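Using the sequences and the hints, build the whole thing.
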Amino acid sequence: MLLKVYRLIVQHLSFIILIYGGRFGVQLGPAVPCFACPYVNGCGGQCYLMGLQGYIGFGISLADFWGFEGLRALFYLAVFIILVVLLGKIWCGWICPFGLFQDWLTYLRRKLGFSSLKIEPETLHKLGYVKYILLGWLILGPILVDLKVLHPDFYLPFCQMFCPAKPILPVFGGEFRHFALDTTNLVTRIVTTSSLLVTGGFLAAMFARPRFFCTFCPLLAMIHFLEPLTLLKLKKEPLLCHGCGTCQRVCNMDVEEVCLEKEKKDVQVVDCINCGDCIASCSAKGALGFSFAGKTLVSSSRELSLGLKTKKTSA
Amino acid sequence: MGPLKTFSLFPALLLSLLFLGEGLLCAAEQDPYIRWEYKSPPRHRNGMAGVNLFLTSSDGAPISDAFWYYRIISLENFREVNFQLPPIIISGYFEPGTNELVINSGKYILVEIMGSAILHGKRSYAQTGALLFGEGKGYQLPESNGPEPIWPSFMLIRSGETYWPQTGQSFTMIPRPDFGIGEFAAYEGTGPASGTFENGPHGRSFIPAADPKLNAQGSAASKPVYFVAPLEGGGNLSYTIYVHRNRYGGENMNLGLIIFFSGFVVTVFFLARVFYLRRALRHAAQGI
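Quick note, the sequences are listed as chains A and B, same order. Each position in the first sequence, counted from 1, maps to that position plus 300 in our numbering. Each position in the second sequence, counted from 1, maps to that position plus 1019 in our numbering.
Fair warning: there could be bad hints in the mix.
With the Cβ distance kept under 7 angstroms, some of the chain B side facing chain A (calculated, not the full set) [to be verified]:
(1) 1064
(2) 1065
(3) 1234
(4) 1235
(5) 1237
(6) 1269
(7) 1270
(8) 1271
(9) 1272
(10) 1275
(11) 1279
(12) 1282
(13) 1283
(14) 1290
Calculated Cβ distances over 12 angstroms to all of chain B for the following chain A residues [claimed, not checked]:
(15) 312
(16) 501
(17) 524
(18) 540
The set of hints was computed from the structure by calculation and includes no laboratory data. Note that the coordinates shown come from a computational prediction; the quantities given were computed from them, not determined experimentally. We treat Cβ as the ideally placed atom computed from N, Cα and C, and that holds for glycine.
See the structure below:
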């Protein structure tokens, strides 16, 4: 419980910084590894996915890549990698503003008394491949625009067509215009229709199931590619595990590998967002925990799961 | 505070939204004038941004005795720097034979460019402005190398806070006093520009109409609109603006919300169906 409280505090602080930070002079740059949407007026940082499709990524034409623009793209790629290596999927579970928005919807659903939508593990596993398709699209789209295969209005193809954060998060900055259909030409009609349908659909699904969009998030896939390098990981001591299955039951992403793993200590799987709910709920002392560079930061205990302070911390 | 600094201030831009007046179709007769025309900017691999301009005449007649200067406002520290011939510039040159001007910048700057030449025996003036998004390191804006020449010119006030000049936006051209600058007309290609004129508290403004050709292209596509005013004693003054398509003009909120809620409702029904089916199957298995 205590871990959940800390997480809530960090999530809300991150939300304030990433959504409103620009209004107070905070600007974390364009390589933030979470959905810090640049469409929000006065945002305090920008999601790396947008830059990756645009001026610090695949939006650069090949002719311009061998120069300053290419160097700048490599610089921001390095910044992105360093941020992911340092914090791993803490970006998803603790910092992402759109993740917090999904958590709010889950809180609302629970308050209203609706039960969660359960999806079979096999179906969920198959749905998880969509994130790689979206990642491929956001890489291929700008290249096709540069090659003049696609109309220029397909620029930022993921943000413009599929990202539900693009219309939703600017609302917190007081801007509703991303809910409008752009009738300028046929391509803008297609692009905005797709965006609005996807957003409407995801809003309903995110209400019905916790962190539903995270299953499809291409940024989660990118962060997972860097998993071998990340310093912060979810660890399990299989010998200390009681096998009660609580970790799986409380998991918003329905990750079952953490519960089922009987040998390996590294249980960081692609869909795990490092929210720490499993650690907070596990009563087996030391069975689950976060480690940073091999050193345990926090581990499960009966006291932690009951929300009690340990003797050490209370002293 | 220099006039260009005023031009950059948002309040002035917002005030220009308050224009009142009636729209009139542009149908002025076109006298030959000199103007700045852009061509594709040079590619730079060191982070510099550039602009290539040609001083030309609207009727293709030769021009002579061309002069130019430009003035830079550094947007990074809001410092104003004036230039005139001979230019001490970051990187750039003017070819009198071709009347081509090249300006490159390693910094994020707003540059206002003035040109003057004799066309059909009368001295005329041309003006334009460009934003250069230079991002190179190690470039310093030089200090002014002299006072600004006293030439007839416009001060532009653009409505809204859009990234680019665009159709549907009002452009108020305020003539700098003491030059006898007449009422301006707007041209596009070889004829009058389509759009409406309005009279507001700051003066006469022009709103370029939406262009289907521009709308069909990407948002980076643009077309030149020339604002031309006669000068007392002959000659004229032009201001070149490259306008893009209207970024917000095509937005339809009602249709958008209908599509958004359609997506929402379809998903709700789909999820309800999944729940219902699952419960029905479970009940069937339990023999309820």
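Against the structure, the hints come out as follows:
1. 1064: holds, 3 angstroms
2. 1065: Result: holds, 5 angstroms to nearest chain A Cβ.
3. 1234: holds, 5 angstroms
4. 1235: Where the cut-off is 7 angstroms and the nearest Cβ of chain A is about 5 angstroms from residue 1235/B, the hint holds.
5. 1237: holds, 3 angstroms
6. 1269: holds, 3 angstroms
7. 1270: holds, 4 angstroms
8. 1271: The hint holds - residue 1271/B has a Cβ within 7 angstroms of chain A, the shortest such distance being about 5 angstroms.
9. 1272: Because about 4 angstroms separates residue 1272/B from the closest Cβ in chain A, which is inside the 7 angstroms limit, the hint holds.
10. 1275: Cβ of residue 1275/B sits 4 angstroms from chain A, so the hint holds.
11. 1279: holds, 4 angstroms
12. 1282: OK, holds: residue 1282/B within 7 angstroms of chain A, min 3 angstroms.
13. 1283: holds, 4 angstroms
14. 1290: OK, holds: residue 1290/B within 7 angstroms of chain A, min 5 angstroms.
15. 312: holds, 26 angstroms
16. 501: violated, 4 angstroms
17. 524: holds, 27 angstroms
18. 540: holds, 35 angstroms
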